Amino acid sequence: DSGVTQTPKHLITATGQRVTLRCSPRSGDLSVYWYQQSLDQGLQFLIQYYNGEERAKGNILERFSAQQFPDLHSELNLSSLELGDSALYFCASSQPQSPVQGPTNEKLFFGSGTQLSVL
Amino acid sequence: AQKITQTQPGMFVQEKEAVTLDCTYDTSDQSYGLFWYKQPSSGEMIFLIYQGSYDEQNATEGRYSLNFQKARKSANLVISASQLGDSAMYFCAMRVRSYNTDKLIFGTGTRLQVFP
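Residue numbers (this note's numbering), protein chains in the order written: chain A, 58 to 176; chain B, 6 to 121.
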C-alpha cells in the first residue's frame, strides 16, 4: 500500500459528461501529481500541485482542470468527455524537497489509479 | 528535449535467471534522477530503484540493480534470480526538476514475462 488513495477505482460515463477524480496524498506529502495512462499515449504527466499551488503543467487539455485543497487532497475534473479520454488516471505524491532543483532520490508514490471508461 | 527510450516492448525470461531491461535517456541537464517502476496486472505503480546522476556507485535494491552508464546515457535494470511474480510492465523514468517544473518522464515500458 503506497499510502496514496484514489477514488473511485472505476468510473463509467458517457461522452459529453463531466467527472471528478479524487486523490488523497500520503501523510506529510505536499506535492501531488496527476498522470494519464492510455494505450496509445503511454504515461503522460498532466499537472503538479505543491502545497495548494499549481507548480507544473504537462499535456493537460483545456477541458481538464485540477486543484489542491488546504487539506492537501486534490481533485482532477474532466469535462466534455470524449471517447479518447478513456484511460487510467494516476495520482502520485512526494515529500517537499529543498532545494527544489537538481536530483532527488525522493520517489513518487502512486495511487492505484482510477480507470475511466467513456462510452 | 528530455526523453526516455525503452526499446524492448517485451521480454521473456526463465524463472531463476537474470534479465536486463534496457533504458536510455536524453537530457541536457547535469542533475537528474532515474527511476524504475513496476506495474503488475493489477495496475498500481511500484517503485523499484533510483539512481542519481552524481551517484558514482550503481544502485542496488535486493534483486534489482541499475547498470548506470552516464557517458552512454543508459540506465538498464537488472533483475537477478527472476521469480514468477516479476511478470509485469516495467517503466524507466527520469525526474526533471527546475524552478517551474517537477515531473517524472516515463518511457513506453517493457512487458516482462517470467516462465517456469
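Each hint should be verified, as a subset may be incorrect.
What the hints assert, rightly or not - DSS-like, lysine-lysine: derived pairs with alpha carbons at most 25 Å apart: (1) A:LYS164 <-> B:LYS8; (2) B:LYS8 <-> A:LYS114; (3) B:LYS75 <-> B:LYS21; (4) A:LYS164 <-> B:LYS75; (5) A:LYS164 <-> A:LYS114; (6) A:LYS164 <-> A:LYS66; (7) B:LYS21 <-> A:LYS164; (8) B:LYS21 <-> B:LYS78.
In case anyone wonders, no lab produced these hints; they're calculated from the structure.
Source: prediction; values computed, not measured.
Structure-based check of all given hints:
Pair hint A:LYS164 plus B:LYS8 holds up; C-alpha atoms about 19 Å apart against a cutoff of 25 Å. Restraint check for B:LYS8 and A:LYS114: satisfied, since their Cα atoms lie roughly 17 Å apart, inside the 25 Å limit. With a CA separation close to 29 Å, the supplied pair B:LYS75 and B:LYS21 exceeds the 25 Å bound. For the hint linking A:LYS164 to B:LYS75, the alpha-carbon distance of about 20 Å falls within 25 Å, and the restraint holds.
This hinted pair checks out: A:LYS164 and A:LYS114 have alpha carbons roughly 19 Å apart, not beyond 25 Å. Among the hinted pairs, A:LYS164 with A:LYS66 is consistent with the structure: their alpha-carbon atoms are about 23 Å apart, no more than 25 Å. Restraint check for B:LYS21 and A:LYS164: the C-alpha separation of about 28 Å exceeds 25 Å, so the hint is violated. With a C-alpha separation of about 29 Å, the suggested pair B:LYS21 and B:LYS78 falls outside the 25 Å cut-off, and the hint is violated.
Of the numbered hints given earlier, the model fails hints 3, 7 and 8; all others are met.
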